[in-house]
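Chain A is fixed; fit chains B and C onto it per the hints.
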Amino acid sequence: MVSVIRLTLSRSTSPQVLRVAGAALIVLVAVMAAAPVVRGRVVQHPLDVAAFLLLVVAVGVFWSLPGDFTRRMKRNPLSIAGFSIIVLFVMVAALAPVLAAPPATSRDPYLIPHAGFLPDPQPPRPGHPLGTTGYQYDLYYGVVWGTRTAFRVATVVVVISVAAGLLLGSLSGFYGGRLDEVIMRITDIFLAFPSLVLAVVITAVLGKGLDKVMLSIAIVGWPVYARLLRGEILSVKQRDYVEAARAAGAGDLRIILQHVVPNTIYPFLVYAAFDTGVIVLVAAALSFLGLGAEVGYADWGQLINMSRSWILGVPGDPFIYWYTVVFPGLVIFLFVLGWNLLGDAFRDILDPRLRGSA
Amino acid sequence: MSFKRRLLMLLVFTLAVALTGVNGVAQGQAVKNPDTLIIQSFGDPESLDPSWAYDTASSGTFLWNVYETLIFFVGGRTDLYEPMLATEVPSVANGGISADGKTYTFKIRPGVKFHDGNVMTPEDVRYSLMRFMLVDRDGGPSWILLAAILGFDTQSTRDDNGKLLPDIWDRVNQAIQVKGNTVVITLKDPYAPFLNIMASWSMVVSKKFVVKNGGWDGAKTMVAKYNNPEKPDAQELFDKDAGTGPFKLDSWDRGTGNITLSRFTDYWRAPAKLSRIVIQKVEEFGPRRLALQNGDADIIDVSRADQPAVTGISGVRIVDDLAQLTNSPALFMNLNISAEGNPDVGSGKLDGNGVPPNFFSDIHVRRAFAYLFDRQAFIDQALRGKGRLANGPIPYGMLGYNPRGKWYEVSKDKAVAEFKEAWGGQVWNNGFKFSVLYNSGNVARQTGSQMLKETTESLNPKFKIDTRGVTWSSYLGLMNQKKLPMFFVGWAADYADPDNFTVPFMHSTGTYPGRQSYKNPEADRLIEQAGKETDAKKREALYFRVQEIAYQDVPTIYIVYPTAFVAMRAWVKGWYHNPIFFQTWNYAYRLSKGQ
Amino acid sequence: MATYIARRLLLLPLVAFGVTLLIFALLQFLTPAERAALFVTDPRQLSSIPAIIRKYGLDQPIHVQYWVWLKQLLHGDLGWSQTARMPTSQALATFFPATLELTFYMFIPIIIIGVWLGTRAAVHKDQIVDHFSRIFAISLRGLPSFVWGLIVLMVFYGGLNWFPPGRLSLEADLFVKSPEFHRFTRIMTVDALLNGQPWIFVDALRHIAGPAMTLVLVEMALLVRVTRSSMLEVLRQDYVRTARAKGLAEPVVINRHARKNALIPVVTLSSLLFVGLLGGVVLAETIFNYPGIGKWGAEAAVQLDIPGVTGFGMFIALITVFGNLAADILYATIDPRIRLQ
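One line per chain: the protein sequences are A, B and C, in this order.
Following the numbering used here from start to finish, the first sequence increments by one per residue and tops out at 361.
Following the numbering used here from start to finish, the second sequence increments by one per residue and tops out at 607.
Following the numbering used here from start to finish, the third sequence increments by one per residue and tops out at 393.
You may find that some hints are simply not true.
[Stated by the list, open to error] Straight-line C-alpha distance at most 20 Å; calculated SDA-like pairs for lysine to any residue:
{"id": "1", "chain 1": "B", "residue 1": "Lys44", "chain 2": "C", "residue 2": "Asn213"}
{"id": "2", "chain 1": "B", "residue 1": "Lys432", "chain 2": "B", "residue 2": "Ile477"}
{"id": "3", "chain 1": "B", "residue 1": "Lys494", "chain 2": "C", "residue 2": "Ser99"}
{"id": "4", "chain 1": "B", "residue 1": "Lys465", "chain 2": "A", "residue 2": "Leu121"}
{"id": "5", "chain 1": "B", "residue 1": "Lys398", "chain 2": "A", "residue 2": "Leu121"}
{"id": "6", "chain 1": "B", "residue 1": "Lys252", "chain 2": "B", "residue 2": "Asp229"}
{"id": "7", "chain 1": "B", "residue 1": "Lys243", "chain 2": "C", "residue 2": "Pro139"}
{"id": "8", "chain 1": "C", "residue 1": "Lys229", "chain 2": "B", "residue 2": "Asp47"}
Don't read these hints as lab results, they were simulated from the structure.
Bound conformation, chain A alone (with noise of 0.2 Å):
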């Protein structure tokens, strides 16, 4: 990872950036030129637009780049179809105000705006190319800043278990001793819960919303990254290089950071990958369960949950509001297939021992 960051700022690959970035600036002005929605969207929100650049030259050049890790990555197809995957939709996220332009007079861009209060659910058409939802929640631009809600979602969800995980893990496993003890059993009896079940009875307790949401699922999730950690932290504990370390004076939290994190990285990386599959399926069940997000909020387990009254047609027609499910459906399913890949392509690259299985 650190070799990367070196790689891009060294003095050979630097040419390549500008070249990158050059034909981003090319494309975008070019669109610009063509179309003059894109034009007032784009000058409306110049931050957004800025983060998409950025992204696009940040993904070009990691592509582009000599190196072992790419070059692996390269390699498998599958690996390429879930980093594809996954760019694409951080594309979106970050383009989510130009492709979806919430209305002048929304203070809140995740409400999707609707048109009218009609019950039934209309299929695509002019102004409305995924179709609506019950109550006329346009589906495209609750798709398209779902996208950001998924990723608000998992990043929170992720920092919030990986960071308490980071403190009880290295905890438990440096100290050793009682100390590991009490919060190995602390990290049993979560472990003892399904997580939907586990999430279900603390939104439940706390009330429905997304901050809810992320916070019970945090609360579930962990006690994995805890024992990720503390295995590490105890195989490392007895190398030899930590007891020179010691020797020479170096205190714990030195030792802790510049040995033991750096090799956990990677198996915390595979998970949480995998992870962010599963945090998504599960916020997206409790909004069906109406536990989670508000109604009109761009959330793609809502904009299903939104529809729950007509998912099964009419009699006669029961495919007809086909669109309601489908669409946040193949997102929602869609998203976690590529992380599952991308999940998947650390693991071969980054765990010699398992290369190959998959």
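Frame of chain A; chains B and C shown alone:
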């Protein structure tokens, strides 16, 4: 037009719709389960004990099917009665009601058998009424008879500290006496809706059966033991039946939530046509609809939002525009919001980021919202147009409803004018921000909240309204704590009388004004007077004045008197509607199935 | 081994205690008035909220409330579940047999088909079967189970009327409630056979098929992958090569030598699978109106039935601990290399 005429029109209209609604009788699809009626509803009862139950699922199940009352409603009328367990409907003319309107004498029918085999006596009737009043569980229906018989001030058998009133048994005992083969009830004050209450709430239970199962024996000394039971299953009749009705309770399987009733062959008149009724609990609408389509269910619960999904199925009949005694939802404004720890009032000041606790106490603010909210659009969008514009607490078709009563017509200009005058112009200049809450799952209220948000925000960019859905219990809890700035909620009749509506909407001790911090002594006086008045014309005049006050003070924006519809298989015969029915299939005695 | 089991079993009261603590802590975020409102179902009852606060001591100091609650718990009183209309302990006893039955009928196909497919994929690596199984496994993990469940309901009940919702059809239900039917185990399929009523057996299976189908495919995916990778690992081993060199037929090699060892990680996985199923039934039972513990738990959560939610949470936790322990013991028994410490 007199209200009686109006009621008649209501009845004729309902009957006409019901009769002409016969369509789609599928020839060729044989009747499934020809002597069993299968109903699928989305909830199940809380308790089958008449002294506990105060929810539609419970009352809808046992009322008039398992338990019967002394008198009953004629057809679809809510103001005309026929004898049931009494042999005659008391009136001033036949001496059943005393001249001062305080004493009611019910002649009890002889030879009526309970499901347990015992014969009904006047003592059973007396016992049943006393039990209903003295059980008085928290949040239960006992207040209905307590207030009616012992006077408006007696809404509970316990004092403010929760202790049983020492003289309560004496007062109840004195009010209800057995004389020969009659039961005489003496009210503290004349109460015009008393017969109406009797028709819905005077369920008769078998004293011997209750006592045999460990229940109250009627003695004064034992009242404390049975008063305010901890949990519903502590009661003897929680899942057992001691009634006289055409059906008896076979089982209530709480695992599945299914109830089975079967025909009572020793019923005091001709036995019911159906041999069995099965009520299944199916929470998801999808499976309910499929069951109706397959013929596995005969009647299902359907909400207005799901109506298209049951329209046009062959063999299924929809009867729409069913009159109801319901005022729901109405938009309430809180005149004194509790701001402590309340995220829904924003900054708590009139600075554009919140509202002060007394925001709605300015009449201009309330009028502005009354002019702003487009009620007809709400009815069209949220209720598919099925409902009548409301102009006060009393619903259409009931005594006291004033068809010419004034209300605010939707007008953006007038709304803007009122906003500009509100709080000396500060509202318009600074703007405001608050939340409108609704109970999640209730789509109509959710739609109303969003409509309100959108129209308000379109007037002035400084006006900000957020909408939020919370669970029903949270909603009630917040309402009780006066934390809700503005909220949608409704009321359905306990009995068919304007008193049951004006008190909760307008009386300062009523359910809603208490949570709105609204009090108008004139309204209180009028309502109390109208409750004691027995002459219909005089009552009507009093209630018309109450409606005027509702219009002038406008603490509450009345929106709609919704109508209902029912979806059933066309092979269900003998069905009719009465606005007071708790469930669309409430009275199953005359139902049968056939082509 | 015995000490290991004992130590793990000590976990049970700890887990139960931990859950009650967690829920109790979360409840403190609500004010007494809000918690009293949980007992109220209608605006008419609002005036009795002070009485409810008094009755349940909701304004007492925290430790007093917790102690009262704990005492109740220790007496076996888990409180009244509003959504189940019965005491929570009775609700657990009523709903769990149905879920147990459902889980059993899901477990079997998942294990059998999953292992079979994974083995086939490993043996025919990089051929069509392998690619199919990989795509199958990878794609199914991303499918939201509730969406799939709704599709199953629509197609297999709405369209074909094969798998109706609920637990039994009307006739079967009435027969089961009649005195002629003896409930031995409360597990419908077993009882049906014990009573000599095969038609009820079939009826019960038809109703199980819906929710089962919802979860089987999704949960199978991981099993297929793990079996495949485990099998591949084993097939590379020396002893397999030796067996092949000895001239043994391929099926014998696979079935007699390879499979047993390949199944070891599958055993560990089965505990994960069990946990996954317990979570999945919450959705599957809700969609198919199957009266099990998952549906009740979901309902209790949405309606804020706190005793119900607590009971549900505790129960699931305990079951999971048991399940994990059973899997670990099985694992240790099968694989002599493992030493439980």
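Comparing the hints with the structure gives:
At roughly 15 Å between alpha-carbon atoms, lysine 44(B) and asparagine 213(C) fall within 20 Å of each other, so this suggested pair holds. Taken as a hint, the lysine 432(B) and isoleucine 477(B) pair is honoured in the structure, with Cα atoms around 18 Å apart against an allowance of 20 Å. A threshold of 20 Å between alpha carbons decides the hint, and for lysine 494(B) with serine 99(C) the separation of about 13 Å falls inside it, so the pair holds. Of the pairs offered as hints, the one joining lysine 465(B) and leucine 121(A) holds, with about 17 Å between alpha carbons and a cut-off of 20 Å not exceeded.
As the CA atoms of lysine 398(B) and leucine 121(A) are separated by approximately 14 Å, the hinted pair is consistent with the 20 Å bound. For the suggested pair lysine 252(B) and aspartate 229(B), the alpha carbons sit about 17 Å apart, so the restraint of at most 20 Å is met. In summary, the hint linking lysine 243(B) to proline 139(C) is supported, as the alpha carbons are separated by about 9 Å, within the 20 Å threshold. Between lysine 229(C) and aspartate 47(B) the CA atoms are separated by roughly 18 Å; this keeps the pair inside 20 Å, and the hint holds.
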